[in-house]
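**Q** For reference, the chains in residue letters:
2 protein chains.
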Amino acid sequence: MRIPDKLLSFIKEEKSFFISTHINPDGDALGSALALSLALESLGKKTVLHNRDRVPELYRFLPAHEKFTMSLPGNRQPLILLDCNDPGRAGLNGFVIPSSAVIDHHETVSDFGDIRWIEPKAAATGIMVYYLIKKLELKITQDMATNLYTAIAVDSGTFRYSNTSSELLRVCAELIDSGADPASIALTLYETWSVRRFRLLIEVLNTLEIVDDIAVTFATKEMFTATGAAPEDTEHFSNFPRMMEDIEVSAFFREIDGAAWKVSLRSKGGVDVARIAERFQGGGHRNAAGYMIKAAMKTAKEKLLKAIREDKRST
Amino acid sequence: MRIPDKLLSFIKEEKSFFISTHINPDGDALGSALALSLALESLGKKTVLHNRDRVPELYRFLPAHEKFTMSLPGNRQPLILLDCNDPGRAGLNGFVIPSSAVIDHHETVSDFGDIRWIEPKAAATGIMVYYLIKKLELKITQDMATNLYTAIAVDSGTFRYSNTSSELLRVCAELIDSGADPASIALTLYETWSVRRFRLLIEVLNTLEIVDDIAVTFATKEMFTATGAAPEDTEHFSNFPRMMEDIEVSAFFREIDGAAWKVSLRSKGGVDVARIAERFQGGGHRNAAGYMIKAAMKTAKEKLLKAIREDKRST
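Quick note, the sequences are listed as chains A and B, same order. Quick note: the first sequence uses the numbering used here, first residue 517, plus one each step. Quick note: the second sequence uses the numbering used here, first residue 517, plus one each step.
Hints were generated in silico from the structure; no laboratory data involved. Be careful, since some hints might not be right.
Identical copies go unnamed one by one, so any copy, or any two together, can satisfy a pair.
[Stated by the list, open to error] Pairs of lysine to aspartate or glutamate, EDC-like flavour, derived with a Cα cap of 16 Å:
| hint | residue 1 | residue 2 |
| --- | --- | --- |
| 1 | K650 | E623 |
| 2 | K784 | E761 |
| 3 | K561 | E771 |
| 4 | K528 | E771 |
| 5 | K784 | D697 |
| 6 | K784 | E707 |
| 7 | K637 | E683 |
| 8 | K822 | D729 |
| 9 | K562 | E529 |
| 10 | K528 | E748 |
| 11 | K778 | E707 |
| 12 | K562 | E771 |
| 13 | K737 | E582 |
| 14 | K561 | E529 |
| 15 | K637 | D542 |
| 16 | K637 | D521 |
All values derive from a computational prediction rather than experimental measurement.
Turn these sequences into a full structure, and let the hints guide you.
**A** Shown next, in the form of structure tokens:
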């Protein structure tokens, strides 16, 4: 990974930075932004850390997470945009800045940025920030290490996804040596479900219906009431039926107001679920997409199965 | 980790080995035994690989797994006992052998073995076999790497348990460089469930009972019949209730012949479940242990809850 010289000069020359990352931030966005902020401050710089949304409860264990502000600063500082490459993705449309640098591992969606460091092959923005900190010859503190380890762990499914490499493991080994606690981070990421959420998962799994290679599950409003779980508790529910070898698409229906359903689709890659979701005015990626539909559960399900069948026939 | 000189001489001097590992073998037992067998054969030795039980379907992706035999050989060869330290655990009671070596990372339960290499602090027997192969200056082939990576991945929860260390990540990085495919191994371990197995999991989760910080689930013989799942399909079932923040110990009871139960215990570290299992003549590690009990489910459960309460009071 080659860090642009212009980025290094920018960091060395400027005295204060406005660091922002994408809305609905995940572990990579938050962890890499926090580690960069801590690193720049150890270099004597001032930083303002911004996110349009508040830090999700799950990530409030990240050291220094309380540095994030949701409000835009009055004075204009150089921007570092992390883990996205379009200011709109960070809720910064129309926000005037004197200069800007982008550090991101996503495919380019805009040409924004005076300085652009984009590495689509990097497993996480966290690993890019790690190399940047090393290049700046800064000490990786325990707080930086915990933030970077979390960033990389989240984006690699703790070393289960295809972006896992020997390089990634070696970097994470160094982060452990710098103080990151791998078990405690994994425990926080994966084992802090409420009993209510787990009870709702069981209710949802009991609705499992398998049609060909499609798994359908759903959560009714009554199930939320009965278990006391909240709508956001259903995050990741659609991943569970993917555990089955013969399942290609997992569809999870969550009942919302107005006799409608929010549908989450997960695919193992054989079916492009973004294309399915678009038929219902939704969207997403090839492996993960979603849409809303106003219909009875039975009708909603049949429409989805029909759409997937049609899509398979056309490809 | 210091490998006993006697073990190195034993391996260099003997020409053929009988390698055996514990019944109900898991990924660490199978992967470390296979890697050791492949390594010894690359050294010009002959090996017979034994397990009393057949290789579970889940692990039939392991290179050379077809080398395992369930029958005991007629001729007596030197034994290497892996991932357990009592021949009874491998179904070898009464089997006469000329000499023996033990390689294991479990706490000692017997003093069996002419040569004993026991490292209770090692995350997996796989990492011990890795160091042994390095010490013997053998090339780690792709097949050895896949077996060792799987062994370590299974026993560290793919780097989520508290035995995960920077050393473990560095060893696994080297195994990736030697040809182990981390994403493909993770996919096989976690996303190749049969529909039958998934249906059994749902049945088991429906039995969930929470008492204080203990989660109890069970699988009856009827549930196996109704779903068509096999006993070995329940591997990892005890991990699911651990997802709940307030759960310290997860206990999963599987009904076996003779009105008895096989109990799997998982802890987040606050309770030493190996010590609990020992009260019932079982064993294991601080975070994962097991035992058998002959009793009705209700009685078996109450005995366990009582044992955990007593253990908490005494520490």
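**Q** So which hints don't hold here, by number, going up?
**A** 1, 3, 4, 10, 11, 12, 13, 15, 16
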